[in-house]
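*Asks:* Residues per chain are reported as follows:
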Amino acid sequence: MANTTASAEMLPTESSKQKQLKSLISKYGIYFAFIGLVIFMSAMHPAFLTVTNILNIIRQVTSIGLIALGVTIIIITRGIDLSSGSVLALVSVVAASLAQNPDWHAKMYPSLPALPVIVPILAALAIGSLCGAINGAFVAKTGIPPFIATLGMMIVARGAALIYSDGRPVSDLNDSYNFIGQGEIFGIPFPVILFIIMALISWILLNRTRFGKYAYSIGGNEQAAFVSGINVAKYKILVYTFGGFLAGMAGLVLSARISSGQPGLGNMFELDAIAAATIGGVSHAGGIGTIQGTVVGALIIGVLNNGLDLLNVSAYWQQIIKGSIIVAAVVFDMRKNARKN
Amino acid sequence: MQSEVVLDMQGISKSFPGVKALSDVQLTLREGEVHALMGENGAGKSTLMKILFGMYTRDCGIIKLDGKEVELNGTLDSLEHGVSMIHQELSPVLHRSVAENIWLGREPVKGLLKLVDHDKMWADTKGLLERLDLEIDPREHMVSLTVAQMQMIEIAKAVSYNAKIIIMDEPSSSLTDKEVGHLFEIIRKLKGQGVAIVYISHKMDEIFEIADTITVFRDGQYISSVPARETNQSKLIKMMVGRELNKMFTREDHTIGEDMLKVEGLSLEKRFEDVSFDVKKGEIFGIAGLVGAGRTELVETLFGVRSKSAGHIYIKGKHVHIKSPDHAKKNGMALLTEDRRQSGLSLMLSVEDNTAVANMDSYVGGGNLLEVARLKKEAKEECKKIRVKTPTMTEPIGNLSGGNQQKVLLARWLLTKPDILFLDEPTRGIDVGAKAEIYKLISMFAQEGKTVIMVSSEMPELLGMCDRILVMHEGRNKGILDRNDASQEAIMSLALQKH
Ligand SMILES: Nc1ncnc2c1ncn2[C@@H]1O[C@H](COP(=O)(O)OP(=O)(O)OP(=O)(O)O)[C@@H](O)[C@H]1O
Ligand SMILES: [Mg+2]
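If you read the sequences in order, they're chains A and B.
Just so you know, we're using this note's numbering here: the first sequence kicks off at 1 and counts up by one.
Just so you know, we're using this note's numbering here: the second sequence kicks off at 1 and counts up by one.
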């Protein structure tokens with residue numbers, strides 16, 4: 001029996017070289033598109049390619065980017081999370097209420113002493129994770145579609161945020177809290193550092209732990225994952241919990257950046273996050289997607305927002321352009337998958 | 001006098017990234033013949049047929065239908081040219097009727113509004129099914145049919161296109177002997193009507209029963225075409241694997257030890273009842289019976305895929321409550337499932353991940369991180385051991401040939417080093433050479449004092465490998481035959497015995 005495994009002796013013919021090029025382009029298409037976009041924007045506007053502006057872009061996409069990291073893993077399991085924008089809002093008002101300056105006249109808890117910053121941080125992450133865990137539990141234990149489970153959470157969490165804050169912003173937050181959104185370390189904005197760390201952690205989770213391998217496996221074929229002895233329910237709950245955790249973190253970052261928790265915050269962020277993941281090549285059929293793709297997807301959204309602003313494109317047109325790009329990205333992705341055959 | 005050539009394919013080549021699936025192969029098909037296409041897993045049989053059916057485009061070569069050169073771009077093109085295909089994996093629309101499945105996408109319409117003409121559809125379907133002697137109600141939903149019936153519907157669909165050439169890619173892999181008999185009747189009938197049939201199968205006895213001509217491929221190359229009458233099994237094997245295969249079944253000396261698994265009064269509602277048996281260390285234990293006897297359900301219940309309604313399970317003398325496959329795995333069990341699409345493969349994931357997925361726990365190292373290098377190494381070694389043919393370990397498994405996918409699933413479970421290995425139709429779609437390899441692995445596994453429990457519809461496999469064989473019929477244990485008493489007749493008479 002000749003070549004049992006790799007057929008290395010087969011020299012690439014002319015046509016297979018072309019094919020290799022094609023597959024290279026389709027594999028790394030998103031990165032080429034990103035580079036192209038950056039070159040285009042730089043040519044169009046001198047202020048685009050400056051360190052300040054680049055950091056600014058990344059800072060602006062961190063909230064969406066953090067959510068996108070979580071939703072990437074969720075979509076890989078063939079799920080979806082529509083609740084993250086609302087969870088972000090809920091987290092922002094609760095965390096802010098624990099971080100207000102003691103002498104502020106409109107303080108939510110007038111008798112509350114100044115708390116160490118770790119308290120609102122832990123509260124934020126705990127609430128985010130809990131919302132995610134509830135999403136996951138419904139998806140895993142009742143079998144209702146993730147779309148419905150997280151749609152419910154989207155509405156409930158927004159409602160909870162409004163009730164908690166009585167519909168008003170929670171403002172005048174202390175400096176150590178604000179640092180999360182406004183601080184810098186060695187000239188790099190803290191949110192950017194946070195985003196990079198979380199992207200790395202997500203990458204490790206997805207590629208170097210059982211959690212990630214099982215996420216792919218569940219999305220690839222849930223029944224097969226179950227029969228292979230994977231505790232599907234447990235891992236689904238964990239995946240949604242991680243998504244909620246990141247939404248919580250996004251809530252911290254955003255409220256700290258604007259120094260205020262607001263029940264209306266993060267409106268439609270879940271959709272931008274899903275768009276970032278989708279542009280980055282995550283397949284809604286499950287089992288396919290990468291963190292690096294999603295990061296680039298988020299950056300593309302950031303560059304578009306920023307660049308179109310610089311070019312004075314009206315906000316209305318920006319929506320049309322963004323929407324078209326998302327659909328185009330998916331069409332490209334489908335074609336790439338279809339071409340395999 | 002030979003009948004007319006209906007199809008002539010010459011010089012066909014096809015490459016996928018990293019694989020030359022076909023290089024310069026040929027195939028000539030005559031009117032009214034059954035033409036068997038044979039070769040090892042990954043030899044390129046399905047690929048050639050997908051080219052003929054317009055699913056893949058060839059890199060080069062000529063296709064002539066009825067003497068005229070044609071281009072086949074897409075399946076509609078092929079259907080129009082009278083070529084039809086029944087796939088290795090069926091994909092019916094389950095919750096629609098038989099008739100709707102047959103006429104899907106070309107429903108007869110009537111009137112101005114082009115409403116679907118259901119009456120005509122029922123009538124046409126009825127006529128079609130009668131023509132093939134199929135007793136199936138056109139209004140029945142696909143879900144309520146057996147796999148065999150679904151297959152027959154696929155054939156009826158092919159006939160409904162007035163196909164002159166029907167390709168059948170491993171049509172018998174999930175059929176019982178009786179159903180295969182029925183399939184052959186239909187094939188003979190079609191043959192009488194002048195239809196040419198390409199028949200792909202790894203089952204030798206079938207080939208010699210039905211085929212007129214046999215074409216053999218090896219590693220993407222054409223080896224030869226011979227009339228079935230002028231060859232025999234061993235010649236054919238030699239052509240396929242390129243060497244003699246002296247022994248099909250290996251049975252190393254193995255000592256049968258103490259109890260490994262003991263099952264008492266196990267039941268699953270409506271599927272099987274009161275099944276008891278025990279299996280020893282080092283034993284190869286077979287489970288025989290017709291399709292529908294409850295064999296798959298039995299092993300699935302033992303493995304925790306389904307929850308039992310009554311009974312007790314003991315492993316090494318310890319009473320266990322298996323609640324899930326996860327749990328079964330922790331108790332040293334492994335199950336190679338029958339249906340690889342449904343409950344085996346994640347098609348878009350790599351060969352490597354598909355191999356390692358059940359064994360992740362053992363790769364968890366410091367900081368809860370996976371030892372990826374070791375994972376890669378072990379997955380690769382295991383695949384190599386059973387000769388999985390793949391360009392790289394990162395290839396999506398959906399790109400592998402059917403038989404190679406099956407081998408990966410076996411590798412998956414061998415990697416977990418189980419004490420008890422359940423195999424449900426382990427050699428389905430696997431070529432002869434690889435079969436012999438797998439039997440050898442099974443035998444070595446038993447030799448190490450482990451237990452194998454094997455469900456199979458292939459009698460020779462059970463008779464050749466097993467120490468004892470449990471025969472089931474309609475969810476009941478009909479008796480356990482010792483190796484020395486077991487024979488095809490003994491099994492059948494137990495399997496068909498009324499209470
Ligand atoms: N879509 C694809 N992409 C990449 N490689 C493919 C694809 N389809 C088939 N191949 C490769 O082409 C070769 C031939 O595969 P093919 O399915 O034709 O084999 P086969 O003879 O039908 O085998 P089996 O008996 O196992 O079904 C294999 O090495 C397979 O991995
Ligand atoms: Mg095949």
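Simulated from the structure, these hints should not be mistaken for lab results.
Keep in mind that the hints are not guaranteed to be accurate.
[As the list claims (entries may be wrong)] Computed from the model, here is a short list of chain A residues facing chain B with C-beta under 7 Å:
#	residue
1	N221
2	N231
3	A233
[Stated by the list, open to error] Once the Cα atoms are required to be at most 20 Å apart in a straight line, the calculated SDA-like pairs of lysine to any residue come out as:
#	chain 1	residue 1	chain 2	residue 2
4	A	K22	B	T57
5	A	K234	B	K238
6	B	K417	A	L21
7	A	K141	B	F16
8	B	K377	A	L21
9	A	K27	B	S307
10	B	K330	A	A233
11	B	K376	A	Q223
12	A	K27	B	L347
13	B	K323	A	E222
14	B	K20	A	L21
15	A	K22	B	K323
16	A	K234	B	A148
17	A	K22	B	G18
18	B	K308	A	F211
19	B	K376	A	L21
20	A	K234	B	S307
21	A	K22	B	K238
22	A	K27	B	K238
23	B	K308	A	Q223
24	A	K141	B	V305
25	A	K234	B	S362
26	B	K238	B	H254
27	B	K323	A	Q223
28	A	K234	B	D361
29	B	K440	B	L463
30	B	K330	A	L21
31	A	K22	B	K20
32	B	K376	A	T52
33	A	K27	B	F16
34	A	K22	B	D119
35	A	K27	B	G18
Since this is a predicted model, take the numbers as computed values, not measurements.
Cβ coordinates follow ideal geometry from the N, Cα and C atoms, glycine included.
*Asks:* Determine for every hint whether it applies to the structure shown.
*Replies:* Tested hints:
no.: 1; hint: N221; verdict: holds (4 Å)
no.: 2; hint: N231; verdict: holds (5 Å)
no.: 3; hint: A233; verdict: violated (9 Å)
no.: 4; hint: A:K22 x B:T57; verdict: holds (16 Å)
no.: 5; hint: A:K234 x B:K238; verdict: violated (51 Å)
no.: 6; hint: B:K417 x A:L21; verdict: violated (41 Å)
no.: 7; hint: A:K141 x B:F16; verdict: violated (42 Å)
no.: 8; hint: B:K377 x A:L21; verdict: violated (29 Å)
no.: 9; hint: A:K27 x B:S307; verdict: violated (43 Å)
no.: 10; hint: B:K330 x A:A233; verdict: holds (17 Å)
no.: 11; hint: B:K376 x A:Q223; verdict: violated (24 Å)
no.: 12; hint: A:K27 x B:L347; verdict: holds (18 Å)
no.: 13; hint: B:K323 x A:E222; verdict: holds (18 Å)
no.: 14; hint: B:K20 x A:L21; verdict: holds (17 Å)
no.: 15; hint: A:K22 x B:K323; verdict: violated (48 Å)
no.: 16; hint: A:K234 x B:A148; verdict: violated (37 Å)
no.: 17; hint: A:K22 x B:G18; verdict: holds (14 Å)
no.: 18; hint: B:K308 x A:F211; verdict: violated (29 Å)
no.: 19; hint: B:K376 x A:L21; verdict: violated (27 Å)
no.: 20; hint: A:K234 x B:S307; verdict: holds (19 Å)
no.: 21; hint: A:K22 x B:K238; verdict: violated (40 Å)
no.: 22; hint: A:K27 x B:K238; verdict: violated (41 Å)
no.: 23; hint: B:K308 x A:Q223; verdict: holds (19 Å)
no.: 24; hint: A:K141 x B:V305; verdict: holds (16 Å)
no.: 25; hint: A:K234 x B:S362; verdict: holds (19 Å)
no.: 26; hint: B:K238 x B:H254; verdict: violated (30 Å)
no.: 27; hint: B:K323 x A:Q223; verdict: holds (16 Å)
no.: 28; hint: A:K234 x B:D361; verdict: holds (15 Å)
no.: 29; hint: B:K440 x B:L463; verdict: holds (15 Å)
no.: 30; hint: B:K330 x A:L21; verdict: violated (45 Å)
no.: 31; hint: A:K22 x B:K20; verdict: holds (18 Å)
no.: 32; hint: B:K376 x A:T52; verdict: violated (43 Å)
no.: 33; hint: A:K27 x B:F16; verdict: holds (16 Å)
no.: 34; hint: A:K22 x B:D119; verdict: violated (50 Å)
no.: 35; hint: A:K27 x B:G18; verdict: holds (16 Å)
Hint compliance for this structure: hints 3, 5, 6, 7, 8, 9, 11, 15, 16, 18, 19, 21, 22, 26, 30, 32, 34 are not met, and every other hint is.
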